[in-house]
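Trainee: As they're listed, the protein sequences go chains A and B.
Counted the way the working numbering counts, the first sequence spans residues 1 to 630.
Counted the way the working numbering counts, the second sequence spans residues 1 to 343.
Hints listed in this document are in silico derivations from the structure and should not be mistaken for laboratory results.
Errors might be hidden in some of the hints.
[Unchecked claim] Heads up, simulated DSBU-like pairs for lysine-lysine below, C-alpha to C-alpha not over 30 Å straight-line: (1) B:K123 x A:K165; (2) A:K529 x A:K539; (3) A:K139 x A:K27; (4) A:K581 x A:K162; (5) A:K174 x B:K212; (6) A:K529 x A:K318; (7) A:K29 x A:K51; (8) A:K165 x B:K331; (9) A:K174 x A:K105; (10) B:K212 x A:K165; (11) B:K123 x A:K553; (12) A:K318 x A:K174; (13) A:K162 x B:K123; (14) A:K29 x A:K261; (15) A:K261 x A:K139; (16) A:K162 x B:K212; (17) A:K105 x A:K29; (18) A:K610 x A:K318; (19) A:K165 x A:K105; (20) A:K529 x A:K488; (21) A:K165 x A:K553; (22) A:K162 x A:K139; (23) B:K213 x A:K162; (24) A:K60 x A:K49.
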Amino acid sequence: MVMAQPEVMDAPDLRTLSVAESIAHLKEKFPDAISNDTREGYSGVIVDKQKLVEVAQYVKETLGYDYLSSATAVDYLGEGNHSTDHLEMVYHTYRTTGGTALVMKAQTDRETAELPSLVPVWRGADFQEREAWDLYGIKFAGHPNLQRILMWEGFHGHPMRKDWKEAYYEEETKPFGSRWPGGHVHRAEEKTIFGSNVKYPADLDLGRLADISDDQLYQGFGMGVDTHQMIDHNGMETDLLVVNMGPHHPSTHGVFRMVIKLDGETITQLEPVMGYLHRNHEKIGERNTYLHNIPFTDRLDYISSMGNNHGYVLAVEKLMALGKKYEPPTYRAEVIRVLMVELTRIVNHLWAIGFWMNDLGAFFTPVLYFIQERERILDFFEATAGSRMMCNYMRFGGVFQDIPERMHSAMNLINDRVRDTDSMKFLTEMINERIPRTIDELDEYLTNSEIVKTRSIGVGYISPENAINYSAAGPLLRGSGVAYDIRKAEPYSIYPELDFDVAVEPAGDMYARYLVRLNEMRESVRILKQLLPRLEYTKGQPVSDNNMAYSGKVPLGESYGRVENGKGELGYYVVSAGDKKSTANAWRYHVRAPSFINLTPLGLMCQGGKVADIVAILGSIDIVLGETDR
Amino acid sequence: MDLSLQQLNTTEFPIPTDLQDNVAITSLSKIYNWGRRNSMWPMLFGLACCAIEMIATASSRFDFSRFGMEVMRATPRQADLMIVSGTVTKKMVVPIVRLYNQMPEPKYVLAMGACASGGGPFKEGYNVVSGIDTYLPVDVYVPGCPPTPQALLYGLIALQRKIDGQSLAAVDDIPWYGVGAADPTPVPILGPDIIDPRQMDMIRRQAEEAAKKGSASIGVRTLPAIKAAPVAVPAKVAKPAAAAPAKVAAATPEDDKRAAALARKAARAAKQGTAPAAGDAPVAVEEAPAEVAAPTPVAPAAAVELPSSGKPWEEAEDIREQRKAAALARKAQRAAKRDSSGG
Ligand code: SF4
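This is chain A alone, in the form it adopts within the complex (with noise of 0.2 Å):
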């Protein structure tokens, strides 16, 4: 087909080359501002940061790749491979209609430590560069607010950068050297003079202690109520006023905060603001070894472990199939990974439409009914990998431990029932029975409620276009129209095998979404009823190779591993580096979260609307602040 175009076609076609090709096509179009990452195991280009914007916007428009994935910067700093300390910032572009990434790279030297922001390219890179000036210290010149995002305003320093040491800090890398050396320990505390987890830079003002985290928030927005009163167009008169909600409000999902600016009812300006989880999960994932940091995985979108395991490993085992020494999962290993996965895609969906349905002022009953069968796949997770929410289950070449034989002992006392049953019979029963009956019960109860319908049709849309250029995933992606999902665009696992649809609404509002969700379950059930004949038939085959060192070598280079998980797109960015042949750490551990990368269009969505759909749109979006802060 390609070929077949005429000369006068030359635009469409580009949106078909190969990443290969459009990488020899960049090169001709812009021959001084791009060239090939030669560093061992790394792939894509880079740029010249001069031309950064003009080639991205040219990816963009021309090659079509519309889809920002990822924009997160890294750290060179006296690293033996890399001839010069600098800044990197890695971006993974890719095609709404499929297919793998096109990478580019730009870079900066440390001190100035200045690119230009590609906000206007891809609105979906802005909190991603507000992370990369928070971590990191980059200047993004033209980004309209660059603010730190995750640490408070008048933080010290940038904590993600190599040269940077936490006041707790021991060791560049774990594992540690013994804790208990000649019968002593020290504690934590004792590292710092105050006994605590704080450590203050050498210019401390001690005359100006004041909080001045808040001061830049605030700006423009103008305080408390505005006495400009306003008519609106039917004569009524309105003040204006800001409002904020949250850390701990009730329904924000955990502890985020969003400062709003009404005009009577209706929202003119949201600004969200988060970091209140922020737990430094990849600073202490850059520490850990590549094994040590599954657990912690578990703790990013803690309501679905088992999705983040996977995508962990994924990227993990895509560096060392570099390597020599590298056995591939088994098949029925990839079965179960695909069986947990989809279960805990179950799980997520229920306690999203459960929330959602509270923020909708239905307060808690339906959820009553959804963690009533999350507990029973939990019941499931707890008997296989020992652990009702952080799972920890999967490994690299493979997973723990083997679905067990009966389901007994470590269960919940509470429940005589499920405390020895046969395991197969109770996932038989799950899958073909129960989990069908409630998904059904669902529909049939909100569906075609009135008050569902009323509140949510209409409210909080999102155009297709805005959806991709605000680099928007999962569900909110799929609920505006666009089929683009990881298991079908760029396949991983045995999903290429199975037999599915991609669940996708074209209205572009909450109940779309609400419907992209509850399709989805169906399409989940679809796919563990034909993982059930494959665990019988692969019965008895190991499940990982088990010679899984404690701390593996990994060869060098970098990897992207994606997944679609409950709440859409999570990626890890990997970077094997720092030593001359292979290692034991992460040089850089990036997490690309959907929670946080899908509430860049928080505002957009709620700009115009009511006040009191606010907490509705957000729940629409389905967050977990774990992942959101990191």
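Given the coordinates of chain A, work out where chain B with the ligand should sit on it, guided by the hints.
Mentor: What follows is chain B with the ligand alone, placed relative to chain A:
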């Protein structure tokens, strides 16, 4: 929840047989506590992963309304119990302390999970507070990551038992039965790093010292390498102890350490030029232990080296000491008041 008449009846006072099914005689504390323990309203807010298990505890399978706790209140002003369910970050601890201050007394805090109890898996992170008890008094700790709903229920039952043990008669043991309002917990400040106002003095001192030495940052120190011989550290600090009270001479190792600590404290006091401040209570000085009140002169040179002796909590002891003194003072005041009104 059910308290049968037999259980309620706590006196020897004979009740006529025909009234025994209808009348019970009990102490005020018991009935009061019974009411309180069975209507513990937790505050409706979740911090992190542990909050999900808290929600699970509240819902279908575990259902803590069986214990009178289902009324989760979104406003601190109606809550009795703060369940700190997750990682406390520096950014979040500010609102948490404010919320705690807004809760009416009697109020309780339950630290749920490893993070809230002591920092948990994320303890080393630069934005993580090492446990909520560095700012708020905690009544019950529930271990786990996350604690299972059963564990949380157990913790809540433990809290109920604690309430059972409180008595209206022993007003001095329970802060909120005392006279007047309690002092609010000082709200931390988000400066270059989080600043605990209670440590202001110490921060100032350290800043001055760092300025003199020209070091890059304040507060971090290199710990002495631990040698195989366990005596190495105590031995070094034992020296200034020579000037301390006589009982050191007959030292068992424990005494030795204690004496050393006292000496160090005295040295610090000498360095500041004052005895540890006794807060707002002038009475406290008399009540404070005699050994502390008499500072032993120690060469300032030794004092400067002290921070590296591996006992940072000694500093925090100042604060604890102050608080204890203030409490004693209040107690004395109350006693005096009672005496005067009673006599
Ligand atoms: S204790 Fe564990 S489960 Fe609870 S908040 Fe901390 S990391 Fe999450």
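Trainee: Tell me if the straight-line CA distance from A:K139 to A:K27 falls inside 30 Å.
Mentor: Measuring from Cα to Cα gives roughly 27 Å; hence the hint holds.
Trainee: So if I understand the rule, the pair passes when the alpha-carbon distance is 30 Å or less; does A:K165 with B:K331 pass?
Mentor: Distance ~46 Å between A:K165 and B:K331 Cα, so the pair is violated.
Trainee: Tell me if the straight-line CA distance from A:K529 to A:K488 falls inside 30 Å.
Mentor: holds, 19 Å
Trainee: Are the Cα atoms of A:K529 and A:K539 separated by 30 Å or less?
Mentor: holds, 16 Å
Trainee: B:K212 and A:K165 were given as a pair; does the straight-line alpha-carbon distance stay at or below 30 Å?
Mentor: holds, 22 Å
Trainee: Mind checking the alpha carbons of A:K529 and A:K318 for me, to see if they're no more than 30 Å apart?
Mentor: holds, 29 Å
Trainee: Hinted pair, alpha-carbon criterion (30 Å max): A:K162, A:K139. Please report holds or violated.
Mentor: holds, 17 Å
Trainee: Within 30 Å, alpha carbon to alpha carbon, are A:K261 and A:K139?
Mentor: Given that 30 Å is the threshold and the Cα spacing comes to 28 Å, the pair holds.
Trainee: Hey, A:K162 versus B:K212, does the alpha-carbon distance stay inside 30 Å?
Mentor: With a Cα-Cα distance of about 28 Å, the restraint between A:K162 and B:K212 holds, given a limit of 30 Å.
Trainee: Is the hinted pair A:K318 and A:K174 satisfied, with a Cα-Cα distance of at most 30 Å?
Mentor: holds, 22 Å
Trainee: Is the hinted pair A:K105 and A:K29 satisfied, with a Cα-Cα distance of at most 30 Å?
Mentor: OK: A:K105 and A:K29 at ~17 Å, within 30 Å.
Trainee: Within a Cα-Cα threshold of 30 Å, do A:K165 and A:K105 meet the stated pairing?
Mentor: Distance of about 26 Å is within 30 Å: holds.
The structure is inconsistent with the numbered hints 5, 8, 14, 18, although it conforms to all the rest.
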